[in-house]
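Novice: In the UniProt record's numbering, the protein residues as written are 1 to 393.
No lab work stands behind these hints, which were simulated from the structure alone.
Worth double-checking, as some hints may not be accurate.
In silico EDC-like pairs for lysine to aspartate or glutamate, Cα to Cα no more than 20 Å straight-line [stated by the list, open to error]: (1) LYS243 with ASP203; (2) LYS347 with ASP90; (3) LYS241 with GLU268; (4) LYS349 with ASP189; (5) LYS55 with GLU31; (6) LYS180 with ASP203; (7) LYS43 with GLU112; (8) LYS147 with ASP370; (9) LYS199 with ASP226; (10) LYS113 with GLU168; (11) LYS147 with GLU287; (12) LYS76 with GLU98; (13) LYS74 with GLU44; (14) LYS271 with ASP370; (15) LYS73 with GLU98; (16) LYS338 with GLU350; (17) LYS345 with ASP90; (18) LYS147 with GLU40; (19) LYS243 with GLU31; (20) LYS114 with GLU31; (21) LYS338 with ASP83; (22) LYS298 with GLU287; (23) LYS274 with ASP226; (24) LYS271 with GLU287; (25) LYS113 with GLU61; (26) LYS43 with GLU98; (27) LYS355 with GLU373.
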Amino acid sequence: MIKKNETRAHALLSASSAHRWLICTPSARLEETLPDSTSENAKEGTLAHAIAELKLRKYIEPMGPRTFNNRIKKFKEDPLFQDEMLRHTDTYMDYISEVTYSFSSPPYIAAEKKLDYSVYAPEGFGTGDCIIIGGNTLHVIDFKYGKGVPVSAESNPQMMLYALGAYEEEKILFNIQQVKMTIIQPRLDSISEFSIPIKQLLDWGESIRPIAEKAFNGVGDYIPGDHCQFCRAKAICRAAKDKNLSVEVYENKMPPLLTNEEVGQILEKAKSIKSWVTALEKYALGEVLKGNDISGWKAVHGRSVRQFINTDEAFKVLKDNGTDEAMLYDKVPLSLAKIEELIGKPKFKELLSDKVSSPPGKPTLAPLSDNREPIKKVSAADVFKNEGGVINE
Numbered sequence: 001m002i003k004k005n006e007t008r009a010h011a012l013l014s015a016s017s018a019h020r021w022l023i024c025t026p027s028a029r030l031e032e033t034l035p036d037s038t039s040e041n042a043k044e045g046t047l048a049h050a051i052a053e054l055k056l057r058k059y060i061e062p063m064g065p066r067t068f069n070n071r072i073k074k075f076k077e078d079p080l081f082q083d084e085m086l087r088h089t090d091t092y093m094d095y096i097s098e099v100t101y102s103f104s105s106p107p108y109i110a111a112e113k114k115l116d117y118s119v120y121a122p123e124g125f126g127t128g129d130c131i132i133i134g135g136n137t138l139h140v141i142d143f144k145y146g147k148g149v150p151v152s153a154e155s156n157p158q159m160m161l162y163a164l165g166a167y168e169e170e171k172i173l174f175n176i177q178q179v180k181m182t183i184i185q186p187r188l189d190s191i192s193e194f195s196i197p198i199k200q201l202l203d204w205g206e207s208i209r210p211i212a213e214k215a216f217n218g219v220g221d222y223i224p225g226d227h228c229q230f231c232r233a234k235a236i237c238r239a240a241k242d243k244n245l246s247v248e249v250y251e252n253k254m255p256p257l258l259t260n261e262e263v264g265q266i267l268e269k270a271k272s273i274k275s276w277v278t279a280l281e282k283y284a285l286g287e288v289l290k291g292n293d294i295s296g297w298k299a300v301h302g303r304s305v306r307q308f309i310n311t312d313e314a315f316k317v318l319k320d321n322g323t324d325e326a327m328l329y330d331k332v333p334l335s336l337a338k339i340e341e342l343i344g345k346p347k348f349k350e351l352l353s354d355k356v357s358s359p360p361g362k363p364t365l366a367p368l369s370d371n372r373e374p375i376k377k378v379s380a381a382d383v384f385k386n387e388g389g390v391i392n393e
C-alpha cells in the first residue's frame, strides 16, 4: 500500500484525468514520475477562468464597480488577454443567471468551490467552477475555454467526481435528489448538459472505489486508447508502443487486395499511431535539444522564412526611395468569423443573417461514433472532382 501524501498540491487521482486512470489504472503513478508542462493554450485558459471567476464573484458577493474594473484592468495587462475573453465569460455568466432565476427562491451559489471526493478516490479533491443548489437539485457547472473538440457532460467522470464532492459536503444542509452537470465551451458555441438522480450518481461512486484504489496504488494493466491523448507518458509508454506497432498475423494466405472491412480496421488503428508518432517526435526533439542522444536522429534548423527586422523602418526606406505606400499593402476583407467577433454575435445575426449561407462542407471520412449525419451515397467522381475528399481525424 502506498502511503498517503498529506501535502500534495494537486490530486494524484484528479477529476480531469479520471477518464484515463479509470481505464488505465497504473497511469496516474506513472505520470507522477514525469515532468508536467504547460502550453500557451493552457495559460490562456487559466486567464479566461480567472476572468470568469471574477465575474461570478461580483454576481454573488459584494463588489463595487471600481474594484471590479481595477481587477479587469489588471487582466487586460496580461500579454495573453484577448477582448473575446470578456464576451465568452459573459456566455458563462448568462447560463448561471438563467439557472439562478429558474428557482422560486434564491439558490445557494459557490464560486471556485473546493471539492473533496476522497470517499470514493483516495486523496481525491479538486475545484468546481460553479456550484448551485436550489430546490432539490445540485448544479455542477464547468467552464472550458478550449476550442479543440466539444466535451460532453454525459457520464463525464470529471463532472461526476465533482458532483460527488459537492454532494458529500452539502448533503447535511440540502435534500439533494437530482444532479445536473453542465459543461460550457463558449468558443465552440457548446453547452452540454447531463442530469441523473442522486442515487445513480452515488451508485457510480461506489462502483469506482475499487478501481480508484488500484489507481492510487499504481497497480493493474496499462491499457492504451483514446484516453492517452494528454497523458505525460504517451510518447514513451511501452504499452502504447506495443499496441501501435503490433502486426496482425493471419494463418491463411491473404488475397492481394484489402477488403473494405480491413480498410476500416487499418484506418482506426492509424489514428492512434499518427497521434502517438507525433508525441514521440516531440519527445525525441526535446531530448536532443537537452543534449541527450536519440539513436539515428539529430536536431536541425527547419526552413527559414525571411522577415524584416523592423517593418516600419523597411517601409520608410522604400517610400523615401519612391515606392508608393499604397503598393505596400493589400486591402483584404475581414473573414465572416472576424466580423462576427468585431460586432458581436447578436448584432451580426440581426444585420446579416439573411446574407449568410452555410453550404455543405467537402466530404470527409469520420468514425461511426461521430455525431454528424452520414452523407447519402454519391459517386467517387463527385467526391474528388473539385479539391478532393479528406480524412477527418
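Novice: Compare the structure with each hint and give your call.
Specialist: So, going through the hints one by one against the coordinates:
Proposed proximity of LYS243 and ASP203 is contradicted: the alpha carbons are some 33 Å apart, above 20 Å. Simply put, LYS347 and ASP90 have alpha-carbon atoms about 15 Å apart, close enough for the 20 Å limit, and the pair holds. Distance restraint check for LYS241 and GLU268: the Cα-Cα separation of roughly 16 Å lies within the 20 Å cut-off, and the hinted pair is therefore satisfied. Distance check on the hinted pair: LYS349 and ASP189 sit about 14 Å apart at the alpha-carbon level, within 20 Å; holds.
In summary, the hint linking LYS55 to GLU31 is not supported, as the alpha carbons are separated by about 34 Å, beyond the 20 Å threshold. Restraint check for LYS180 and ASP203: satisfied, since their Cα atoms lie roughly 16 Å apart, inside the 20 Å limit. Pair hint LYS43 plus GLU112 holds up; C-alpha atoms about 18 Å apart against a cutoff of 20 Å. For the suggested pair LYS147 and ASP370, the alpha carbons sit about 17 Å apart, so the restraint of at most 20 Å is met.
A threshold of 20 Å between alpha carbons decides the hint, and for LYS199 with ASP226 the separation of about 29 Å lies outside it, so the pair is violated. For the hint linking LYS113 to GLU168, the alpha-carbon distance of about 13 Å falls within 20 Å, and the restraint holds. With a CA separation close to 29 Å, the supplied pair LYS147 and GLU287 exceeds the 20 Å bound. Simply put, LYS76 and GLU98 have alpha-carbon atoms about 27 Å apart, too far for the 20 Å limit, and the pair is violated.
Among the hinted pairs, LYS74 with GLU44 is consistent with the structure: their alpha-carbon atoms are about 15 Å apart, no more than 20 Å. Straight-line distance between C-alpha atoms of LYS271 and ASP370 comes to about 14 Å, which keeps the hinted pair within the 20 Å bound. Among the hinted pairs, LYS73 with GLU98 is inconsistent with the structure: their alpha-carbon atoms are about 27 Å apart, more than 20 Å. Between the alpha carbons of LYS338 and GLU350 the distance comes to roughly 16 Å, so the proposed pair stays at or under 20 Å and holds.
A distance of roughly 12 Å separates the Cα atoms of LYS345 and ASP90; the hinted pair therefore holds under the 20 Å criterion. Using a Cα cut-off of 20 Å, the hinted pair LYS147 and GLU40 holds, with the two alpha carbons roughly 13 Å apart. For the hint pairing LYS243 with GLU31, the CA-to-CA distance comes to about 19 Å; that is within 20 Å, so the pair holds. The straight-line distance between the Cα atoms of LYS114 and GLU31 is roughly 23 Å, outside the 20 Å bound, and the hint therefore fails.
Between LYS338 and ASP83 the CA atoms are separated by roughly 12 Å; this keeps the pair inside 20 Å, and the hint holds. Distance check on the hinted pair: LYS298 and GLU287 sit about 10 Å apart at the alpha-carbon level, within 20 Å; holds. At roughly 12 Å between alpha-carbon atoms, LYS274 and ASP226 fall within 20 Å of each other, so this suggested pair holds. A C-alpha spacing of about 25 Å is found between LYS271 and GLU287, which places the hinted pair above 20 Å, so the restraint is violated.
Between LYS113 and GLU61 the CA atoms are separated by roughly 14 Å; this keeps the pair inside 20 Å, and the hint holds. Our distance criterion of 20 Å between C-alpha atoms is broken by LYS43 and GLU98, whose separation comes to about 29 Å. The hinted pair formed by LYS355 and GLU373 fails the criterion: a straight-line CA distance of about 25 Å is larger than 20 Å.
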